[in-house]
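S.K.: Using the hints, position chains B, C and D against chain A.
Number of protein chains: 4
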Amino acid sequence: MTLSVAILGASGYTGAELVRLIATHPGLTITGLSGDRKAGMEMAEVFPFLTPLTLPRLQKIEDMNLSSADLVFCALPHATSQEVIAALPRDLKVVDLSADFRLRDPAAYEKWYGKPHAAPDLQKEAVYGLTEFYRDQIRPARLVAGTGCNAAAGQYAIRPLISAGVIDLDDIILDLKNGVSGAGRSLKENLLHAELSGGTHPYSAGGTHRHLGEFDQEFSALAGRPVRVIFTPHLCPFNRGILATCYVKGDPAAIHAALAGAYGDEPFLHVLPMGKLPSTRSIAGSNHVQIGVSGDRVPGRATVVVALDNLTKGSSGQALQNANLMLGLPETQGLTLAPVFP
Amino acid sequence: MTLSVAILGASGYTGAELVRLIATHPGLTITGLSGDRKAGMEMAEVFPFLTPLTLPRLQKIEDMNLSSADLVFCALPHATSQEVIAALPRDLKVVDLSADFRLRDPAAYEKWYGKPHAAPDLQKEAVYGLTEFYRDQIRPARLVAGTGCNAAAGQYAIRPLISAGVIDLDDIILDLKNGVSGAGRSLKENLLHAELSGGTHPYSAGGTHRHLGEFDQEFSALAGRPVRVIFTPHLCPFNRGILATCYVKGDPAAIHAALAGAYGDEPFLHVLPMGKLPSTRSIAGSNHVQIGVSGDRVPGRATVVVALDNLTKGSSGQALQNANLMLGLPETQGLTLAPVFP
Amino acid sequence: MTLSVAILGASGYTGAELVRLIATHPGLTITGLSGDRKAGMEMAEVFPFLTPLTLPRLQKIEDMNLSSADLVFCALPHATSQEVIAALPRDLKVVDLSADFRLRDPAAYEKWYGKPHAAPDLQKEAVYGLTEFYRDQIRPARLVAGTGCNAAAGQYAIRPLISAGVIDLDDIILDLKNGVSGAGRSLKENLLHAELSGGTHPYSAGGTHRHLGEFDQEFSALAGRPVRVIFTPHLCPFNRGILATCYVKGDPAAIHAALAGAYGDEPFLHVLPMGKLPSTRSIAGSNHVQIGVSGDRVPGRATVVVALDNLTKGSSGQALQNANLMLGLPETQGLTLAPVFP
Amino acid sequence: MTLSVAILGASGYTGAELVRLIATHPGLTITGLSGDRKAGMEMAEVFPFLTPLTLPRLQKIEDMNLSSADLVFCALPHATSQEVIAALPRDLKVVDLSADFRLRDPAAYEKWYGKPHAAPDLQKEAVYGLTEFYRDQIRPARLVAGTGCNAAAGQYAIRPLISAGVIDLDDIILDLKNGVSGAGRSLKENLLHAELSGGTHPYSAGGTHRHLGEFDQEFSALAGRPVRVIFTPHLCPFNRGILATCYVKGDPAAIHAALAGAYGDEPFLHVLPMGKLPSTRSIAGSNHVQIGVSGDRVPGRATVVVALDNLTKGSSGQALQNANLMLGLPETQGLTLAPVFP
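Protein chains in written order, with the numbering used here: chain A, 11 to 352; chain B, 11 to 352; chain C, 11 to 352; chain D, 11 to 352.
To be clear, the hints were calculated from the coordinates, so they are not data collected in a lab.
This list has only true hints and no planted wrong ones.
You can't tell identical chains apart in this list, so a pair holds if it fits in one copy or across any two.
Listed below are the simulated DSBU-like cross-link pairs for lysine-lysine, each with C-alpha atoms no more than 35 Å apart in a straight line:
hint, residue 1, residue 2
1, K286, K259
2, K121, K48
3, K121, K259
4, K134, K121
The structure presented is a predicted model; accordingly, all values stated were derived computationally and were not measured.
For reference, chain A alone in the conformation it holds in the complex:
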């Protein structure tokens, strides 16, 4: 006897990753899949790697019967998501993977996303989905907002340091190296293999990336004062993974202790021994996160490095972890897959 879930927006990468993860989840069955432009198609046509699975055919959302669903994952594009979720039954549990419900403040939403929110009441209701820090609110929540993948990576590095008061809040630099799947299945010239392989470049530099909205919200709340980090993501020629290299001012040993203390019991967050730094190659395809700390020859400086898979822990794996909590299932169920290497 399994619980029933539907995935709205199953024709993108995060939707497909949800399907992959749920395929080995013993407590969940996928009973509905939507994909507007690809409605009527089998998932195996949209994603040939899903050929071996038995899955419902893609439908338009309006044609879906969600009455028997115990929970809905919403992997739709930003802006679309808020409209669709607003139209769902108000007692249906929802895990949203878009950016629509990450920011609690309507003004902040408008600032970063360029227009007023269409469902401000839901915005208030939504719980921020960074599992390890919002578990108690996620468990009883009806609507949980998945975090940005960069926002997850950066917060795993920095939150315990703010809480422990071990770093200078005015000098936090996050330099991220991002796998290309984070950009989604979108047809853009710079995402073509011929353009992207063989090099790297920064994007959304200078404090313009939307995930800064989440950093501002979360770090400031935690610190009890405004915190504004410097954040530069770089598009790199690999498909999965974010490496966040975080430059902070503070005592390296205290920083390592704060992280090790905060994550000691976490099933997916692994703090490496002092001085050892992680690689994205060690987490691909899994919900695991590796975190390392290095001191520096310059006293009072430290580098915290976080590696996670943007599609798993940075998105669909987090969503499933939250869904487990919301449905009363074991939190790690369906998420214990080891990383894939090489």
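M.R.: Relative to the frame of chain A, chains B, C and D by itself:
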């Protein structure tokens, strides 16, 4: 209550892949790991992606206690394997991943591997591990020899066609595109990223590749007459996967029917609709195989294309599937992971 | 004092490659660049790698002044090219890189490209641009048609063998591994880095690829009888290069001798010693071609392997080589760049 | 009439890159190539991409006749270089690509390289080879020390900012993304394609990378006080290129002006318009450098991004540029190749 397995040679890619797969296998526990040059180390030091798992420390084989093991996987290099297995208790179940027990004929072994076999009695005892075709012999076997990864790919394309008598036996060309993990974790100049990425080249061309020994043995036995195929592998800049493009003479519809008939009930072998050809991207990280057939504008010609993951179905996944059979477990247990994409 | 050339369709990869090559050509100056959708932009905006060069701004074709051009390169899409070239002054020298003038027979054109040719008189006038075999016709020609990149690779392997009568004409199999730049700068899902890296798949299989029109035309003319090859291209995760693995029936020594004899004096075609096979990594970025021959354990079988850069010798390098001939310049001028490795 | 040069250590990547560049240099001829372990071999055997070139066979250094050489490039490993150069005739011009003569202070050398220098007199004689800043000393020099590739990238970003006094000298963070060819042709597990592709990781973090010796020396000399930067390189899955993301405190407009002013007349250094940041894809295979500046939403913060090819401008191209100066040739001769894209 789980069964206990040990992995000899756990510091190579096939050993690590076994660890990855067994990590989510509900019926098996890893109780011993060997790695001669890395004895004393934790697996997480040898393979940082295994950091999240709780695993025994690497030992020298002579220091291992195998008395409680229900089965041993032997992922040692060719030639070493036969010596190690010969020294194991004769009632211990063994799945060997090396080339040492693939060829039944001592003369064929000596021809392809350049020296006499050190354990000819075991060579006789060993069962050839191409699961779908040797299931009944594998189930009661004590020693099962994993097939070559190329040999698996080629046989999935060709065996049903020989059995069904639908192709010209004297005109079989296998052109393979091989991911680099098939070459193992060996320090060779041509396997460096700087050398290998960005291009492709053939290797072991002209009928010199050792997996031809398996093709000769199996195809000839099946046909009841000598069959010698043309086989050229190519090293390609991806980590996992073999794409076998097989050029044959015969009626495409009969060929497709032979494959669909042979594999209709197989859990891991998926024959695509006529004319649809697979990609290695659709099977990476999984035990699944996709098989397609295309006719040609030239009548009487067909192309059969097989995609499998050399580390999973071509090696460690096959080994686990065989171990399941030998241990009386469900054949697909621990092997239902969906492929990873992108 | 240099000659003046213009490039129509400079916003695609073959156009950009022409710019790159001409940048170090001592006898040519680029005086015009067209790019319809990007008219008004600097080349550095369209292709940031061209930032260091001083180049004319992109224009619409109708705004260009071609009266002072000594030669025009036409790197426009298929079908567009024939219309644009038909509208050019009839005494303007043109090297066309599209497929529009490769097939001499209007019926063949219609069969492979799905509609009647719009400029059948020009089709008759055009000379097929496989330099080494059409030099004498190219030198005085006004309109030269660049060959398909696959067609070039396959012909370098097979033409001398047909001419020398050393292979079975009814059993020629061309298995090609193709870099992704051959697909152009087009926004297609399967060309995204996330989709394409990490694997390979065949495409246009079964005798449907349009370059077969060229193989048919050229091989049949050479043989004096119809020749129809089997041809399967595979999209591979590298940007530049085609590796053509050609399976033929014939005596390997005679085959090697035919190739070495045919290409002994060619500046760009390098036949390797018997048994040595090339890699695409050895030709990237250059106009050079490497060709190898291997015998097989099966008597009377041989494999010919050709490696060339689809953007250079397979397209823009060939175009420049032909332009040199048409303009009375040294044939290799501007084309002696060594390959780039790693 | 060309000048004659020899390359010692031609079997590594920087040696091969020198050969590639000199191949189209109109004023230089390669008359000697050494490669100790590969002495007696043709370069085409060691680097098949050099097959089209006519080159001397590899020799042992002791077998070379350097009497007619006008200049020697020394691309030997660190530590070996100082011994070999000490044994060369003292009037022979030498461009060294190793780390042996980059640090002027013997104590600094010993600190970073772990043992005393074997040729301290030559250390004193050597001129630091960052062309744009040492041109006047390089021109008459006999021995020029090529800079570290990371050191070049970082200095192009920071030197003009120190000179102009527009940044905080105590808060300079250099986060580098490095192509794998910078690690050389060395047989290390983490450089294998299977290990390295598909991800990224930091290395030599925490102020331990040897190129910090150069940063310390150069920045402190320029500032007239000690300057110690934070520097973390990351190994990335591409072959050529370094992207240096440099976080500084200062006015973005002043920073941009300082860079634009410093490099306005430089043939190879291109400062992009304010806010535009470069990609390593735009410089691969060339001696060109692209430099961009971005301000930040946090006032008084700026990011300077430098992209260069570690094998060309970061090493062999720089060496050739310096050799041109030392030989009285035009500085850019043989170095005007456009980047290769895609």
